[in-house]
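Fit the two chains together into the complex; they arrive one by one in their own frames, and the hints show the way.
Just so you know, the sequences run in chain order A and B.
Okay, so the first sequence: first residue is 1 according to our numbering, each after it adds one.
Okay, so the second sequence: first residue is 433 according to our numbering, each after it adds one.
Possibly wrong hints are sitting among the right ones.
[What the hints assert, rightly or not] DSBU-like cross-link-like pairs, simulated, lysine-lysine; straight-line CA separation at most 35 Å:
#, chain 1, residue 1, chain 2, residue 2
1, B, K934, B, K960
2, B, K946, A, K122
3, B, K517, B, K506
4, B, K722, B, K946
5, B, K805, B, K946
6, B, K722, B, K517
7, A, K108, B, K805
8, B, K805, A, K21
9, B, K722, B, K805
10, B, K805, B, K934
11, B, K805, B, K960
12, B, K926, B, K960
13, B, K805, B, K926
14, A, K21, B, K506
15, A, K41, B, K805
[To be verified] Computed footprint of chain B on chain A; a stretch qualifies when at least three of its residues, placed anywhere within it, have a C-beta under 8 Å from a C-beta of chain B:
#, region
16, 93 to 101
17, 119 to 130
18, 387 to 395
[To be verified] Residues from chain B shown here face chain A by an in silico Cβ test under 7 Å; the list is partial:
#, residue
19, L435
20, G442
21, T469
22, Y557
Everything labelled a hint here was simulated from the structure, so no lab data went into it.
Beta carbons: idealized from backbone N, C-alpha and C, even for Gly.
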Amino acid sequence: MSPVIPLMPERVEGSGLPVLKQRGQREVFCGLTGIVWLHRKIQDAFFLVVGSRTCAHLVQSAAGVMIFAEPRFATAIIDERDLAGLADANTELDRVVTRLLERRPDIKLLFLVGSCPSEVIKLDLSRAAARLSQRFTPQVRILNYSGSGIETTFTQGEDACLASLVPQLPSTPARSLMVVGALADVVEDQFRRLFDELGIGPVHFLPPRRSTELPPVGPETRLLMAQPFLGDTLRALEARGARRLAAPFPLGAEGTTEWLRAAWVDWCAVGGESAAQVTRFASVVGPKRERAARSLARHRVALQGRRVFFFPDSQLEVPLARFLARELGMTLVEVGSPYLHRTLLDRELALLPPGTQLSEGQDVDRQLDRCRAARPDIVVCGLGLANPLEAEGMTTKWSIELVFSPIHGFEQAADLAELFTRPLDRRARLVA
Amino acid sequence: MQLTLWTYEGPPHIGAMRIATGMRDVHYVLHAPQGDTYADLLFTMIERRNHRPPVTYTTFQARDLGGDTAELFKTAAREAYERFKPQAMLVGASCTAELIQDDPGGLALALDLPIPVVPLELPAYQRKENWGAAETFYRLVRTMCPAPATARAPRLPGTPARCNVLGPTALGFRHRDDVREITQLLVKIGVEINVVAPLNASPSDLSRLADADFNVVLYPEIANTAATWLTRSHGQPVTRTVPIGVGATREFIAEVCALAGLDAELALRNAEARATWYSRSVDSTYLTGKRVFVFGDASHAVAAARVASRELGFQIVGLGTYSREQAREVREAAALYGVEPLITDDYLEVEAQVAALQPELVLGTQMERHIAKRLGVPCAVISAPVHVQDFPARYSPQMGFEGANVLFDTWVHPLMMGLEEHLLHMFRDDFEFHEGAAASHLGRAPGPAAAVTEVAAPVQLAVVAATHATHAPQVPSGPIVASWAPEAERELSKIPFFVRGKARRNTERFAVEKGMATITVETLYDAKAHFGR
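In isolation and in its complexed conformation, chain B is listed as follows (with noise of 0.2 Å):
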């Protein structure tokens, strides 16, 4: 048993239900109480999807198991075909009808459908949402395209390779818009694309999928258990890199030439991102060696552990993942920063990590946005699970070239913003620009603080019309330290304010260390220099 406040990932069924809602002309039979259809509003309210998902779920009642629930999944599975019509049917159980082995998979084969019906068995007491979604692919996969008896024909010369874009799903970060830029990318440089899948896939464009000469696998977490499958199966070989950042924009082209027999000289020229020159103009020279954070799950992790150190010339200070499934790749990325990899699910040691650190940018996920939040750090978003506020009604990709773009705007972003506060903080005593004075533009307008701004302060916007919350965040408070002279806590003001809270803790530190009982401007600078970086 484990106590859990929040949790990054759902159950298994709902990895199952994202593949089953991206896709066209799938109906999924979910043996599950009343109560469980909770997860059609995941799809409708985050991702605003203006159709049900399709799903129907048995929502079986306490009077119903000392009776035939059995039955029940059969009429459910029976009149869903009806209805629906699907060009093939998963069939399943949640947490609770997993419990009670009526055998979905068998009940339904023999309900003898003139479809393919594919069994999903996806232990709900040991693994998550992830790994459901990639079970549920590589099964659809496997049915709908089986191995075939002889080796497929090589490629004609002259014509263009082709290639299956693998991954993206409903409910996924930034999919929707990921899939576009890649497909035109792919494009561009002269591939075929022959199926995108699951997104916006039929299981009968499923069965195409061996038409392709190689896959490109977009999100791992969901797709390497299909994409594996087929390189075994039908000789596909399969791309490795994530095309998040210009860097690995450019290594995933090389590696989609090298597979395509394309010249990737040819396709990487002027293969370039607005990104990159950003990040060399002078006025980005205050991100170096900014340290940062990053916690999301393996893919989104690692990528933007490689864009933010080595694109916009951030120090990483931490890294880690709530994917346990993928946590080698993140040790090893981790190794490459000289940091301890952080694994868990548990948002409290994400939360008591970046408290130590102290970060001056957080790249996390929308708990880590929370996070950074309540300890005053700017924050991006860079992984699922996702939010209201990861469906922007505009394009916005995080990957390939325009991918890039979009990561240089949202994280450069709130650093800047932070620099605006800290200006106003800095300008807080001017005589024009005091708290109390007027905005110029506001005439002679009296009244009260004009130097408003627009702070970092994300708006929360919550499934539904959600409650206030009211607990503050327990700050321990530590043991006694030295006492502040006046005028050392004047001078300790005009440190801008993204620095302070750490040099306050590190003058006190010092002082605590040398046995003073005070705190003088001196001290303050003696442990600057002590502690400099």
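So that you can see chain A by itself, here it is in the shape it has in the complex (with noise of 0.2 Å):
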């Protein structure tokens, strides 16, 4: 063994908070998972890896693909002939998308997304994009990204998705907000309600429900962030001119709150508005922050007090420790992240309470030992060690249900809490 133990803590600029980094086993999914509730999302387009059978067998298990009829995503499966160059890799992939789209005439948008292997043999997949866009135009459109693991951890698979759309959005020189990130459709709505009734618009959702259905993009449209992992995407739309609001995410009672306000005070300032009006953001967010604080009350009083333990995983790890800290009383033990967004993090970072341990990256073996001698009440952790660690004692939560429930808004900030009650309700119930 080789402990690192670094003399000096490093420390997150800005928050001062303590960081913690080792360099080890990465226990972490790849970004080609995101494509696991990107297609869901996006109901025209399909998602084709460009891949090893390895792609083809995690996509399924993450999946449970068994359950699709016909899915909306496949694997493009690399053999020895393409490696060898018996076969030209570019001709046999315009095979596969011919046929493929032949099979699927309902299909608008085609991602073509790249892998550990097709990146390692740098098979150019823009460029097959191009081409094949160019075939195929207007009846599909054909993009390109990364979801490789050896560039892309879990979630970003979004950000390269969403990054990827962004040159194709339309322009336009109008106000107005856009909200970045994958929601639930029901999540999203009551986001466009509440806009509404604050006289917030147009709004648009990126990604969209349909590829025809783009959000426009300029100068004048302002950023409101859903999900804290979309750095690339962030940088490619203020390329486009689009400015962000900082803002914590809205995970909570008050992380909803805020992130509402950051988008009401921006409007407010440009469109001037009076000073009654700005009593509308009271009268229109105080009742439904007042319904989801009430309904928090219950997860408070079992919660409260009781130590977590975060292993990394989506990213959410920051806001989601500031929720359960700073609205159910939580102790955060440690608050592990595969990568923090510094600027997308910076409002979360500010509200975490002093000296809460971060760490980002992962040495995993070493993390697990952390775990252990602490003794959280509560570890937020990875399907690979959910089970064993329950089997050592512990009480745990899959981090990965944190990604596919709608978490995010008001009315499901007690589902959110739920999500972290449920387990140590059930450890209490079952006597043997």
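Written out as structure tokens, the structure is:
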């Protein structure tokens, strides 16, 4: 063993929070996993992974694909002939795409998704996408991004996907608000109603539900980030002139309020709203916030003072930890994240309790040692670790459910808290 | 490049993981990019293992590719040894690491660890999971139990014969329970068990393999390579019969007795399963000639076809496998039943075949279960790839006599459910049983449909909280057909639902062939006579 013990603990600039960085085995998904929710969100899109049998196996294992009649994702499996140069990989890819699009005339947008093997053999999917686009336009738009594990971690797959959509967005000189990041449809509709009541509009969502409804972007577009893992998408949107509104993320009553407030303040400032209208925020948002807070009360009783340990997974860890600490009174033992995006998390880090131990990246074995030593009341971790830790007597929450369930917004605040109370409740109920 | 919507087998390193995870005191150091760790959840979630698989992944990233990924591997291997102190270490590469050609075997040997290190060459772009498992097991066996310099001394007279039981792994289809069933059986007939491997064996157990007189191969896909080598280098003969079904189990017992020098007749006395009688009992008459489609790994598919045909009186209308390595066995079996073998790993092809054959029961994998569900055909699962449902809490072997009982129950059950549904349909319009009638046990409770029954729709348990399918299967609309007269349509509705679709198709085909524009009740019965089987 060669434990690296830093002499001076590293700290996140600005917030001053200590951050532990270790390099070892990272027990995380790759970006291909994002296909599982992205294909449900963009309903006329198909995701074709260009990769190995491992990629196909990963996606079907992560998605429990067995339930799909004919899923809107597939893998073009690279075989020996492609590697040996016996077959021109580009010709092969064209053949596969043609066969696929013939089968599925309902598809309007095709993503060629790069993988570890396609990156390593340097198969140029952007050129392939351009070539195939020409051939299938205007019926099908063909784009590419990489979901490879060597470049992306889990939710970064969504970042890469959305970033690839940005150049396709129509331009607009008009003032508008864009909510960035895939949300459950029900959550999107709730937010849309709130923005309507606040008089903020037009509001667009990226990604859209259909590829034919791409949101417009321009210098007067304000960006409200719904997810903390969209750094590349943000950069691409900023390059189109849009500007991000700094805010915490809409998790919990407080996070949602502050997130909406950021949009409201900006909208009033530019629109020159009168003082009377400013009270509108309180009258629209206030009752919803109170209702959410009421629904959290029961969970606060169950979670107050309980100690939580986060293994890195989705980059949602910091906003989740902020919610658990501030709204439910939990104690944060360690907040691990695959990557701490300093800019996107600026408002979040400021809200964390002083001295919160962060960790970035992972050495899973050493992190498990820390976790066992700390004996937290609940561990948030991936599916590979959950049952083994339960067997050791720890209570766990599978982190992937935090990505697949609707957790954003006022109406979901209690559902989010419930995801943490249920494992504790269950352990208390089971006698033997 | 092959377009794949779903795959029956994972890559070969998953096979290696199944060996390592099934064993004790082995550690596998896998050169693999970040993300390949998804494989852990197959074991911890599907199989509900209470330990992490004994696998260390190097999880290299793009920034490492410019640097020294070989050093990363060496560090991972060294630290894994220090932390886990295994008796033996497997080292290898997943698909991406294979491309960067770091030679994990060479690197690990250079570390000079004080334990056996087994390098694995598993070509990820040619081979698949079962092959990877077989190769890994073979390499481990060869390393731990090298060929002896001199031939083994013959067994002393009077000492009981000993055997090894080879093939069961982690994440195997009912391996856990098959091992228990078969070892009990072997002990009962007077054979000593030397080593069961790889499941629950340690590398030191493997070094004792040579102490057995013969080997029992439960899963040829996994154990054949190692067993063949053991025959060649240690002179251990091997069993060939996979004991699935009553007939095969009896044959297996006879085979074992011959190898062990035991009296087969004695061993076979009272060797029966309840399933044999159940199959003969009169209420099983309706099973006669049920048209069955069988698909799975080669061993399970061949065994299932035999049980279906000889022990349940079904008719095999299709037989296939996704294991190309064992295609020959399936071809031979298919010839036995006079059907075309289907050798493919493309589930769309399997689906087309099932749709064309219109079987009354499908015996397949989890994927065939979904195909059957879409087509409205009853189905039972007989083979890997595994699903969380394939690890029931109860004892549920496939092999031996108890296994035969399990097969009877699990295969006949979906047909019974279908029958119940048919009765419901038949009495649908009965005055006491119509959809609007309340259940009698609810007294005068008003309300809608009481005639609700648990339809054979197995619970979908995706590994993760999966989203819902909205994409309906695309049923190709055929050419314009003759139209149905109302009274013919009414008559058709009286035909049991599980043959109604076929009756409709046959009648329409008949009408088209005869150039009829309208289908009457007479046309229906003319067609029935014409196609009558």
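Hints, verified against the model:
no.	hint	result
1	B:K934 - B:K960	holds, 10 Å
2	B:K946 - A:K122	violated, 60 Å
3	B:K517 - B:K506	holds, 16 Å
4	B:K722 - B:K946	holds, 29 Å
5	B:K805 - B:K946	holds, 33 Å
6	B:K722 - B:K517	violated, 55 Å
7	A:K108 - B:K805	holds, 29 Å
8	B:K805 - A:K21	violated, 49 Å
9	B:K722 - B:K805	holds, 18 Å
10	B:K805 - B:K934	holds, 16 Å
11	B:K805 - B:K960	holds, 26 Å
12	B:K926 - B:K960	holds, 14 Å
13	B:K805 - B:K926	holds, 23 Å
14	A:K21 - B:K506	holds, 21 Å
15	A:K41 - B:K805	holds, 26 Å
16	93 to 101	holds (count 5)
17	119 to 130	holds (count 3)
18	387 to 395	holds (count 4)
19	L435	holds, 5 Å
20	G442	holds, 4 Å
21	T469	holds, 5 Å
22	Y557	holds, 5 Å
In this structure, the hints that do not hold are numbers 2, 6, 8, in rising order.
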